[in-house]
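Protein chains in written order, with the numbering used here: chain A, 10 to 371; chain B, 5 to 385; chain C, 23 to 488.
It cannot be assumed that every hint is accurate.
[Unchecked claim] Under the rule of at most 30 Å between Cα atoms (straight-line distance), these lysine-lysine pairs were calculated in the DSS-like manner:
1) C:LYS401 - C:LYS164
2) C:LYS406 - C:LYS129
3) C:LYS217 - C:LYS419
4) C:LYS284 - C:LYS368
5) A:LYS71 - C:LYS295
6) C:LYS368 - C:LYS419
7) A:LYS71 - A:LYS106
8) C:LYS368 - A:LYS135
9) A:LYS96 - A:LYS71
10) B:LYS188 - A:LYS14
11) C:LYS216 - A:LYS96
12) C:LYS164 - C:LYS368
13) C:LYS217 - A:LYS106
14) C:LYS217 - A:LYS225
15) C:LYS374 - C:LYS406
16) A:LYS96 - C:LYS217
17) C:LYS216 - A:LYS69
18) B:LYS147 - C:LYS284
19) C:LYS295 - C:LYS488
20) C:LYS374 - C:LYS284
21) A:LYS106 - A:LYS62
22) B:LYS147 - C:LYS488
23) C:LYS284 - C:LYS488
24) A:LYS225 - C:LYS129
25) C:LYS419 - C:LYS284
26) A:LYS71 - C:LYS217
27) C:LYS406 - C:LYS368
28) C:LYS419 - C:LYS401
29) B:LYS188 - B:LYS276
30) B:LYS147 - A:LYS14
31) C:LYS216 - A:LYS106
32) A:LYS62 - A:LYS96
33) A:LYS69 - C:LYS217
34) C:LYS401 - C:LYS129
[What the hints assert, rightly or not] So these bits of chain C aren't anywhere near chain B, every CB distance computed over 10 Å:
35) GLN106
36) ILE226
37) GLY259
38) SER348
39) GLY353
40) GLY373
Bear in mind the hints are in silico, worked out from the structure with no lab data behind them. Backbone N, C-alpha and C define an ideal beta-carbon position, used for all residues, glycine too.
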Amino acid sequence: MKTNKMINSFIINGVLAVICLCWTVPTIGLLISSFRDRIDINRTGWWTIFPHKDWVSVEKIKPGPEVDRNQPMTFEGITATFEELSKGIETNNLRIKWIGNRRVGYLDVQKYSWTAATNFSFENYKQVLAGADYTATLADGTTVTERGDNMSRAFLNSLAVAIPATVIPISLAAFAAYGFAWMKFPARKMLFALVVALLVVPLQIALVPILRDYVKLDLNGTFLAVWLAHTGFGLPLATYLLFNYMSELPRDILEAAFVDGASHFTIFTRLILPLSVPALASFAIFQFLWVWNDYLVALIFIGASPTNQLLTQRLAEIVGSRGQDWHLLTAGAFITMLLPLAVFFGLQRFFVRGLLAGSVKG
Amino acid sequence: MKGSVANPMASTSNSARPGQSTSRIITSLLAIIPLLASLAALVWGFFFLRDIQLANDSNIPQAITVLMAIVWGVGGVILLFTTANFFIEQLSDNWVRRLQPVLFVGPAVLMLVWALVLPTIRTLFLSFYDEASINFVWFENFKFVFTNDAMLVVFRNNLMWMFFGTIFTSSAGLLIAVLADRSKFESFAKALIFMPMAISFVGAGVIWNFVYSVKPVNEPQIGLLNSVVVFFGGQPQAWTAFFQPWNNFFLILIVIWLQTGYAMVLFSAAIKGVSSEILEAARVDGATELQVFFRIMIPQIMGTIITVSTTVVIFTLKIFDVVIVMTGGQYGTSVIATEFYRQYFTYNNNGVGSAIAIVLLVAVTPVMAYNLRRFAQREVF
Amino acid sequence: MKKAIWQTIALLVVTAMLLTACGSPAPVATEAPIVATEAPAVTEAPVATEAPAATGTLLERAFAGEFSGTVVTATGPFVDADAQKFDATMASFEEATGIDIQYQGSKEFEASIKASLDAGNAADLIDFPQPGLLATFVAQGKIMDVSQYLDMEAVAANYNQSWLDMATMEGPDGPIMAGIWERVNGKSLVWYPKKAWDEAGYAIPTTWDEMTTLMDQMVADGSTPWCIGIESGAATGWVATDWMEELMLRTTTLENYDAWVKGELPFNSPEVKNAAEVMSTIWADQYVYGGRASIVETSFGDAPLPMFDADGPKCWMHKQGNFITSFFPEGSVGGEDYSFFYFPGKDEAYGKPVLVAGDIWSATNDRPEVMAVMEYFTKGEHLKVWMEQGGAIAPHKDADLSWYGNDIERGVAEIIQNATSVRFDGSDLMPGAVGAGTFWSEMTNYVSGATELDAALSNIDASWPK
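In isolation and in its complexed conformation, chain A is listed as follows (with noise of 0.2 Å):
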């Protein structure tokens, strides 16, 4: 009995461990490549950094111009064509090999043994956070270098835009999941399908008519625009997620309740929040990534203003007019990706077990 538990532990761990080694792969590749330089990103793989057993040079041969490279030539005592020696030729433990052109390429002597890619910088990092450094020369030839943005400010913003962002449209989707699911009123089924039926609305077409409001309103550019955006694109799925999870809440303890006098005020706020605390915390994360991670409804709706940037804009910006610093967004991915996980650890601890242990059926 024993002995079979722990093998079924060890095969339920191990099954588990390759499923996140699988998860998590990608993302140390994106983490390694942060600290690597445009060029080593695209030449080699980000694996390259652990040791391997790879041909090493260990000596570069420049043949003169005097050397015919059309006719078998002789090196290191191997007579070879230009043609065998592209392809490398290997004598015992050593391999000769011609690198690039026929014109201007050169002999390799490449040895079999470990090796490990060790070039690394905090560059990427300094200039997501610091800003980019522009060199610009002026008319007296003089150059000037001038330090873009830093990303406080934009950091800043995007709190100010997340946190109500999530916080308003999870405080209006409780109340009327609470509303569907414990309410009697007219038109509930039209007004709960109305919802569910506005999950599918891609949001890319509310865009134009919700600016036109903020033009006459005098809105954009500002953190409410941005809120009442995301309140709106966010409140179907949140008052889906809520109502599911507030119906299924036993009926026996909201019947004590109600014969104990108490208003549906009451019991929403004092026994139903307390209860749908996971499903509010699950919620609340997910909202809180979109809006973070949002680029589209934030350039629509604060665009213009260089004030109220968010952190997506920057790093847009950061990549350059024809994205030609890409490779910036490994570590830019990395910053912005800190607070979101800052969030789900804090946020972890709701969902623990016992919670709701035995009060829910399904």
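Using the hints provided, position chains B and C relative to the given structure of chain A.
Relative to the frame of chain A, chains B and C by itself:
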């Protein structure tokens, strides 16, 4: 029993005496003051925040503005609900019954009508007009949408997304949730699986480029997948560009990777809600783990399974960012949302763009209907 | 009930406190909107129209300080370093006139510009890299006719006629001058790694035949001649359309090219098909680094990197516009590490055509200070600082070659000047559904082998808006 519960104030209202009605009116009048006051404070805050952000020369530090914005936004909602409810509860029971649902459901419905319903109606109108929204063209746009070869590819792709995306995301999420629930390293494992959720789509695009990237045959591969293929003696492939339509699958894989964390979190919460006594009882009765899982666990969390599948189906129907970031809808990977975006914003074709969006709305009707049926089966007090 | 009354009182106290607490800063709030409505030239505009006789053009009046204190908003697709250069090049103007130009670029330019134009809050000035896109908005009557406000004789004197023709677009009430060309980008350039090139002793090809001989020579020398990559996210394929345009210019008449761009010469005509076939002779496995299959998957920005490989060039030639130098490895120096030559013509009869692209500024508002800025754009001197810093080539006749900060761009400007004919990037002129749609995607499908050439060309024809 049911009737009396439906209006919880009924028992108290029956005992109300005539003499109390005047005092009730006075308290109701007094009770509206906090509501009006909080409304005024919020309106003032609205203008203050708007103007302070639009003014370029404000000397208030950004951090203070941000703090005020958060207090206004978060505090405003709480204040408004509390004061409004306070006001309503001072009214007679009949009014409470009538107004309380309005208070609970009203704000959400209002927001939805403004943000989504009106734009949808507008889109419906536009879908019957030509590209500049000037001439009425009847069903021309829909005819184009359903006969154009490129559009048919788009629909096929969306079906692939919906089918594979939902099945794999849900089952992987459930599997991991169950495994993690029984492992000692639960929170660590869940954090690792969840991590991709925290990555922006742009970041995810970069990450998966390091997996799918392809280099010429004799060069070192920088894409993980191709380096594995080459290691085992294969030819490097352009995974997201060739093998149409199966290249879609490589994009779907990204979404499975991103969204399994979502499914896992919800399943995990549901599993924790399943009474451990029932599970133990079944085990004591000699049920195998698989039986426990399929006979007890699954029925218990059926509600969550449907919730998760519904949201993932809808998410995959609306899939946009991943496709834009990875292929831009090229190589036969375009989906409905990217095609809408392209027609509407890039080609400036309001008519066809809107028609595509409407097709998307109609396509999801079965999912919606199923959910509504479940809703109708639920009893309400 | 008692409890309720106490609650009322408590709430009243709280709200009273809230209100008094908010009371003191309240004036700020009421003041702010006034400032906001005052700031734009709404109040000043009548003054300007009242005194039209002031002195000279809008630009002169601007320099006289008449519009001081006004704000002109601008937007466009360029961000980051380019936006900094734009700010720098406009700084002296802002200082002299007191007009504050607020530029804010957008990476999702197409979406944000359509959304803001549809909603009616677009920036005063918009920089369009694609005249085709601008034309759609002109047709909807959302763009000002600049010829109404500027001295067109002066403008005409400073530009080649072809630029003016390309800026003339069909509005709802007939043709208008939809904008002012600000910067151009020469496309018919082939970049090469100069150091290794010189060492290998290759000669710069000046004719098509010399180029093909050189290509075969390079293959015989054990390397591949061309670096080509067309991957560019949602815009994948635009590099291929550039090649198609180059070859159209080199294999058929200018009339045919113009007809093709207008949609009068179909894609499945023999002329276009011939150009595609000539292109395919270069885009062949033995001539392209990584083989034809890798073209589709290689990002256009990473494509030139193998030329600068630490192990020596893996490919030797890369045809691209002058902007590509910002993708070259950091620290590489123009004229030393890399240089360029003109992509040779194929047929004597068609001369030395040059393909260009460019940025055209258009106005959504006719406030005098906005038009004053537009007038400033017609002067070459406004680009001087940008030209010194590199990254801009002026279409203006009064822009001096000595202003260029580096020889590379001066050389590009010379090539444009010496061209027997200049034609604008055709895909940027075609309707969006083709020029930013099927032309890109079908060329991609053809190169990747997913579609046959004939089918691809017919598909493009089918998508041309009727």
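Cross-check of the supplied hints:
1. C:LYS401 - C:LYS164: The hint holds at about 25 Å.
2. C:LYS406 - C:LYS129: Holds, because 25 Å separates the two Cα atoms, which is no more than 30 Å.
3. C:LYS217 - C:LYS419: Violated - the C-alpha atoms of LYS419 (chain C) and LYS217 (chain C) are around 34 Å apart, more than 30 Å.
4. C:LYS284 - C:LYS368: Holds, because 24 Å separates the two Cα atoms, which is no more than 30 Å.
5. A:LYS71 - C:LYS295: 46 Å, violated
6. C:LYS368 - C:LYS419: Holds. LYS368 (chain C) to LYS419 (chain C) sits at ~29 Å (cutoff 30 Å).
7. A:LYS71 - A:LYS106: Since the Cα atoms of LYS71 (chain A) and LYS106 (chain A) sit roughly 12 Å apart, the hinted pair holds (cutoff 30 Å).
8. C:LYS368 - A:LYS135: Distance of about 48 Å is beyond 30 Å: violated.
9. A:LYS96 - A:LYS71: Holds. LYS96 (chain A) to LYS71 (chain A) sits at ~17 Å (cutoff 30 Å).
10. B:LYS188 - A:LYS14: 13 Å, holds
11. C:LYS216 - A:LYS96: Given that 30 Å is the threshold and the Cα spacing comes to 26 Å, the pair holds.
12. C:LYS164 - C:LYS368: 42 Å, violated
13. C:LYS217 - A:LYS106: Holds, at about 23 Å.
14. C:LYS217 - A:LYS225: Distance ~60 Å between LYS217 (chain C) and LYS225 (chain A) Cα, so the pair is violated.
15. C:LYS374 - C:LYS406: 28 Å, holds
16. A:LYS96 - C:LYS217: With Cα atoms ~25 Å apart, LYS96 (chain A) and LYS217 (chain C) stay inside 30 Å; holds.
17. C:LYS216 - A:LYS69: 22 Å, holds
18. B:LYS147 - C:LYS284: Holds, at about 26 Å.
19. C:LYS295 - C:LYS488: OK: LYS295 (chain C) and LYS488 (chain C) at ~22 Å, within 30 Å.
20. C:LYS374 - C:LYS284: 22 Å, holds
21. A:LYS106 - A:LYS62: Judged against 30 Å, a Cα distance of about 17 Å means the pair holds.
22. B:LYS147 - C:LYS488: 15 Å, holds
23. C:LYS284 - C:LYS488: This hinted pair holds, its Cα atoms lying about 12 Å apart.
24. A:LYS225 - C:LYS129: Distance ~25 Å between LYS225 (chain A) and LYS129 (chain C) Cα, so the pair holds.
25. C:LYS419 - C:LYS284: 27 Å, holds
26. A:LYS71 - C:LYS217: Distance of about 16 Å is within 30 Å: holds.
27. C:LYS406 - C:LYS368: The hint is violated at about 35 Å.
28. C:LYS419 - C:LYS401: Holds, at roughly 9 Å.
29. B:LYS188 - B:LYS276: Within the cut-off at roughly 15 Å; holds.
30. B:LYS147 - A:LYS14: Violated: LYS147 (chain B) and LYS14 (chain A) sit about 62 Å apart, past 30 Å.
31. C:LYS216 - A:LYS106: Roughly 25 Å separates the two Cα atoms, so the pair holds.
32. A:LYS62 - A:LYS96: 19 Å, holds
33. A:LYS69 - C:LYS217: 19 Å, holds
34. C:LYS401 - C:LYS129: 27 Å, holds
35. GLN106: 19 Å, holds
36. ILE226: 26 Å, holds
37. GLY259: The claim breaks: GLY259 (chain C) does not keep its Cβ more than 10 Å from every Cβ of chain B (closest is about 7 Å).
38. SER348: 19 Å, holds
39. GLY353: 22 Å, holds
40. GLY373: The claim stands: GLY373 (chain C) keeps its Cβ more than 10 Å from every Cβ of chain B (closest is about 34 Å).
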